Amino acid sequence: MPKLEHLILTGATGYIGGRLLSAAQAKGLRVTVLSRSLPVENGGNNVRWLEWSLGEPPPDGMFEGNGGEAIIHLAHRWHDTSGTPSEDPNIAGTRHLVDAAREHGVKRFVFASSCSARQDALNHYGRTKWQIEQLLEEPDEVVARIGLVYGGPLTGLWGMLCRIVRLSPVLPMVDAGRPNQPIHIDDVCEGLLKLAEKEELDRSIYVLADPEPVPFGRILQLISSKVFGRRLFIIPIPFGLVMGLLDMVEKVPGIPPINRERLLGLAGIRTLKNADHLVALGLTLRPFAGGLAAERPNLRRLLLREATIVMRYLTRMRPSSTVLRHYVRGVLAYDGGQPIPLPLPVRLMPSLLALWDPVAALVGSPDSLASRRQKRIAMALRLSEATREGAALMYQYSHQSRVMKGAKLLAVLILETLFLPVRVVATLLWR
Amino acid sequence: MTSSKIVVVGSGPAGTAASWPLVEAGHDVQMLDAGIAALPSTPINRPTLAELRGGAPDAWRHLLKPDLSGLREVGDTSPKLRCAANAEFEKGYQESNQLFTSDYVAVGALAQGGLSNVWGAVTPVFDEADLTNFPFGLDALLPSYRAVADRIGISCGHDDPIVNGPDIPTQPPLPLAGVGAEVFERYRALEEGLSVRIARSRLAVLSEDKGARRGCDQGGGCLWGCPHSAVFNSAEEIAQLEQYPNFSFVSGKLVRSLTRKDGGGFSIQGVDRQAKSFFEHQSETVILAAGTLPSTRLVLSLLEKYGEPLPLATTPGFAAAYCLPSHLLRPLPELQTGVPQLTFRLGMEEGENAYAFGLMFNASTMSLPDLVAHLPLTRRGGTALMEALLPSLALVLCNLPSEYADCQISLERGEKRAADRLNVSGKYLSNFVTAAKNVRAGIARDFSRLGLYSLPGSAHLYPPGALNHHAGTLPMGGMTSKFGEVEGAPDLFVVDGSVLNGLPARNHTFTVMANADRIGRYLAARSAH
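So the sequences go chain by chain: A and B. The letter at position 122 of the first sequence is residue 122 when you use my numbering, and the numbering goes up by one with no holes. The letter at position 24 of the second sequence is residue 24 when you use my numbering, and the numbering goes up by one with no holes.
Please keep in mind that the hints were generated in silico from the structure rather than gathered at the bench. What you are looking at is a predicted structure, and each value in this text was computed from that prediction instead of being measured. All C-beta atoms in this analysis are idealised placements derived from N, C-alpha and C, irrespective of residue type, glycine included. Treat the hints with care, since some could be wrong.
Using 20 angstroms as the maximum straight-line C-alpha spacing, the simulated PhoX-like pairs for lysine-lysine come out as follows [what the hints assert, rightly or not]:
| # | chain 1 | residue 1 | chain 2 | residue 2 |
| --- | --- | --- | --- | --- |
| 1 | A | Lys-27 | A | Lys-194 |
| 2 | B | Lys-416 | A | Lys-198 |
| 3 | B | Lys-276 | A | Lys-198 |
If you want the footprint, here are the derived chain A segments under chain B, 3+ residues with CB under 8 angstroms [stated by the list, open to error]:
| # | segment |
| --- | --- |
| 4 | 355–365 |
| 5 | 393–404 |
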């Protein structure tokens, strides 16, 4: 396949599309955007805009026909779902595009589908996406099933979720346990561009999402804590209950039918095994925790403050600037990338961290605050081992007075016995 | 598309062991390895462990690596993965090899040398009892054990063949120090009346210089890699093999599938990890040495054996700490080795040939933060306690035979154009916990007579697969011939752990190497005619 030079993009005015357009431009590609509305300044910067609406045949002059072009089709029309599937403009419109692409020898057709795409999906969106997927039969027509996208501009579903978590510290949520597979918007863009450019594809459907699913309620909690630094409590509401309530409410005369598309979309989702897709594509995703944390300002300053406190707890000495830098680097690269909350007494007197030092056996799930705290202190201890003052507390290569040592050990054991009940309570409270 | 006579897949110990006899006999061998590079070698002038801990400048570069990957958590596997290898080492192993595990830990590396970059280098020899289920006896394998030992260098004390297996020529044993030295002295003074048999370890670690490799100088930093190449690492053999004009090495090629060609030979398909494109390679003969799980997946996929569960042998095991009170509060030895000082064997009631096989390390050569993690104390208090205990602590790692685990693999067809997947699942049998308890009780009883007492609460059972001993999926005399040739696919040979006939508690890598050497010699002789 000749090198990709020209990218045809639909849906560039949307949440993902906008970001993808910037990414494509940054890569030096020439882009043709098909859009319902043209921007005030049309053209420039290697981008040209052509007027087009989903459902219409593609405009003339769109293709360059030299074999070095690909289409990424992101546009989706949200519309009245009461019609029959054959009337759905998304299906008809995509079919037009696919036919035109085949006719003009376009080298790659990438269709942005969704993890919810299934023949028997509960919502119209999922079923529609599945039907469109069936239109793509040729080897160079590939489907990207995209997971729950987060990060970047506060629009689209991501923007809505960010608004929701700030509504209240306590939220009722339908189907809070349903797993979703998140993916950062920049990873989606990288994945889509790779699909457009890659010489050979080893499958026809690639799932662009984190192989590790996260329950929906947890996603909200993580967004709240990592991006906005607040705790969110979720009250799970059974899905059936909500649908039943909606049924009842709709029976009341005068109430218009309530759109259940989004709700059904959430409910129907299944986890897709896709770790090998990402390897095949050469795509490494940002870990969800770190990806969200990076959306937060002041991160470095918070981490440096935490580093000082935790290292002082372990060594009783003020850490050097090298150690502080290493701590921050360690957190960003290997431990989730975000600070752990430390109670006020600990911030004032780091030795008190002993009381909040979790009991390893009781920390609960890897996402719990106790578990994260435990892992962070463990990381700090490894860092301490590699410093002179830290190693001096661990390894004795010279003779010591047995009496002194014995007395010190006795003091340690007494303190530990006193601390233990407090620590057990603290750990259980923050599981 | 390139075409070869013999292709070896994998640059781990099995791959190089099979290659040597073929290359030395003049055959054309090409080795394909998924690793793009070798692990960065340990700087030759690294200070000793005592010096690093005592405040050598930039100690953190050695203890945590320049990219600070030593700060990461590696979970319930060997600490060497954290300390000796970087974060890239094991990344993508399962995904690239299409391995899907449930209740099973499958660690591997897409780096040249494979797991020999981080192995414990323990090299006992299987005896006749261990080889009971094999389609040949010790006399068929012993010459290969000797040949491999001669090439890679083994050091050993010749103390007790019941522990380390039949004797082979070796370099002198590494010196003992600290707790290990004391325990062995007491054991020697008290041999009668103990069920446990203890010997100095037989290891693939040089005690004397050999070629470009230096003998161990007891720097003690083994956990963080060996600066002298005293510990055998098959990655270092690649350069030596490349001295031969009939050997070529290609890195970065991950093999994903094999197909037989009409008229003989194989088509090898995979991913070029650097160019990020596909490759195809033809060869008359293929030797698989990619490791038990990846090699087995390739074979089952070629044979189209979907859905059928096959047994996977794995040795369950546990770790525990023991204290020698007489050594409490002593200064740590300036010089000591971080490899297992001693090896022991304890017969089990369950059968004449059933035994537990254990290794004893001086805990002071381990990383204290890893040891403190298990204590219910605060990190500060735990550090203080462990600091006091460390000079007296021995860490024991004990394996039980594979009969106590019930692990399986099965091949699942890949959807649409995706590659086939290998599903791996594991569990321990219900009698394992009792057996492990009995073993621990037996060890504790005998050790206490040596003044070595078990630390309460320190026993830790590893999940299936975590000790990285898995084998036996394509046993010789069954799925493969007694020379590892796949039944139904002539000229396809497997030489890694896949073809062993079960696993005793003894570490098996040396046996895999000897078997690979044996198969290599057979192939060299066969092809000569």
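Hints versus structure:
Distance restraint check for Lys-27/A and Lys-194/A: the Cα-Cα separation of roughly 11 angstroms lies within the 20 angstroms cut-off, and the hinted pair is therefore satisfied. A hinted pair counts as satisfied when its Cα atoms are at most 20 angstroms apart, and Lys-416/B with Lys-198/A qualifies at roughly 19 angstroms. For the hint linking Lys-276/B to Lys-198/A, the alpha-carbon distance of about 9 angstroms falls within 20 angstroms, and the restraint holds. Note: the segment 355–365 of chain A has 4 residues with beta-carbon separation from chain B under 8 angstroms; the three-residue rule is met and the coverage holds.
Against chain B, the segment 393–404 of chain A contributes 9 residues with a C-beta closer than 8 angstroms to a partner C-beta. That satisfies the three-residue criterion, and the hint holds.
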